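> Required output: the full structure, derived from the provided sequences and hints.
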Amino acid sequence: MYKKIVAFLCALSLLLPIGIHASDDLYLGGDSIGIQLDYNGVMITGTYPFVVQGETYDPGGTIQPSDILVKVNQVPISSMDELYQQLSAFQEAVNEIPVEIRRGSNTIPVTLKTTYDASTRSFKSGLYVKDKIVGVGTLTYYDPSNNTYGALGHEIMDSDLKQIAEVPSGSLYPANVISITKAQDNIPGEKHAEIDFSSAFANVLANTNIGIYGHYDSMLRNVEALPWAKHDEVHTGKAVMYTVLQGNTIEPFTINITKVHRQNTSDVKGIEFTIADERLASASNGIVQGMSGSPIVQDGKIIGAVTHVITSHPSNGYGVFVEWMLEKSRNMA
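So this note's numbering is basically just the index in the sequence shown, starting at one, shifted up by 1.
Calculated from the structure, these hints are not laboratory results. Predicted, not measured: the structure shown is a model, and the values here were computed from it. The reader is advised that the hints may include incorrect statements.
With a Cα cut of at most 30 angstroms, we get these calculated DSSO-like pairs of lysine-lysine [what the hints assert, rightly or not]:
1. LYS133 x LYS270
2. LYS329 x LYS260
3. LYS133 x LYS72
4. LYS125 x LYS183
5. LYS72 x LYS183
6. LYS239 x LYS260
7. LYS131 x LYS260
8. LYS270 x LYS183
With beta-carbon atoms standing in for the labels, derived distance ranges [unchecked claim]:
9. GLU93 x TYR129: 15 to 25 angstroms
10. GLU93 x ASP186: 25 to 35 angstroms
11. ASN147 x GLU252: 27 to 37 angstroms
Note that the Cβ used here is the ideal one computed from N, Cα and C, for glycine as well.
So, in structure tokens, the structure goes:
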């Protein structure tokens, strides 16, 4: 039977991975976190044509989805509010506005045409835009060897562009879980959390297929140091996942590892497991969005992180080996 899966809250290096040693302790995560990725400008997610006085204008000829709008009329912009403020200054029926876009490593000057409607005090630009991506996930570990962390266990996707999100900059924030929408067959559940955007405790430097990574300035609580296991130490049988169901209290929940995929290179589906804890099953009916990154511990060692749920059977999920995550975080400057 085909198993449908869903990922929760989506640069090749010329350097060889550095050696990592399983004797190094990590600080156990499990914290619910708010994640914000900023584009350092305004992302163009799409374009549309519009008609003014019988003439059709379409910015799609010069501006493309995934371009970053960085200047309007020579004024730098970094948010939707700043973009709106600049475009609102042009109040003719048809305006030709000099803007700059960032496309890859290139900055390109283009002319953007807009129309202003004085009766509604609104304008059309032909652009669909956003300035950030915000979501909730789980921190997997703090690594005191270089003050880095690993979280999520999978990439953050840009849902508008259908691709892995760019990370010019980003931050992690504390989050308190206020409720959970239970998972149903073929319908993923979700943690709902309040994010404290006044208290960033880490940056986001990398968004990869096996998690997000960066440096932390502080830790969210008193933490427990545990050794970690290499992928070939992981075995089937009982294990424990750590996550938050309410507030910011991290709790252990029993799972059964049903299959271990022996891998030579990193992949998000190294571990298959099923929930064995009745309280977790009752609270969430399975793995839900926001649990991705929840650390998995076996035989007293951190072995990996929750990454995906099998939506047709939400009590079943996948995990990534922590060894692969550490290769990412320990290769960061």
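> Now tell me if each hint is right for this structure.
Consistency of the hints with the structure:
1. Restraint check for LYS133 and LYS270: the C-alpha separation of about 28 angstroms stays at or below 30 angstroms, so the hint holds.
2. Taken as a hint, the LYS329 and LYS260 pair is honoured in the structure, with Cα atoms around 24 angstroms apart against an allowance of 30 angstroms.
3. Between LYS133 and LYS72, the direct Cα distance comes to roughly 17 angstroms. Compliance with the 30 angstroms bound is thereby established for this hinted pair.
4. Under the criterion of a C-alpha separation no larger than 30 angstroms, the hint pairing LYS125 with LYS183 is inconsistent with the structure, at around 40 angstroms.
5. Between LYS72 and LYS183, the direct Cα distance comes to roughly 44 angstroms. Violation of the 30 angstroms bound is thereby established for this hinted pair.
6. At roughly 11 angstroms between alpha-carbon atoms, LYS239 and LYS260 fall within 30 angstroms of each other, so this suggested pair holds.
7. Taking the CA atoms of LYS131 and LYS260, the gap is near 41 angstroms; set against the 30 angstroms cutoff, the hint is violated.
8. Among the hinted pairs, LYS270 with LYS183 is consistent with the structure: their alpha-carbon atoms are about 23 angstroms apart, no more than 30 angstroms.
9. Taking 15 to 25 angstroms as the suggested C-beta distance range, the pair GLU93 and TYR129 conforms, at roughly 23 angstroms.
10. Between GLU93 and ASP186 the beta carbons are some 55 angstroms apart, a value that contradicts the proposed interval 25 to 35 angstroms.
11. At roughly 28 angstroms, the beta carbons of ASN147 and GLU252 sit within the given window of 27 to 37 angstroms.
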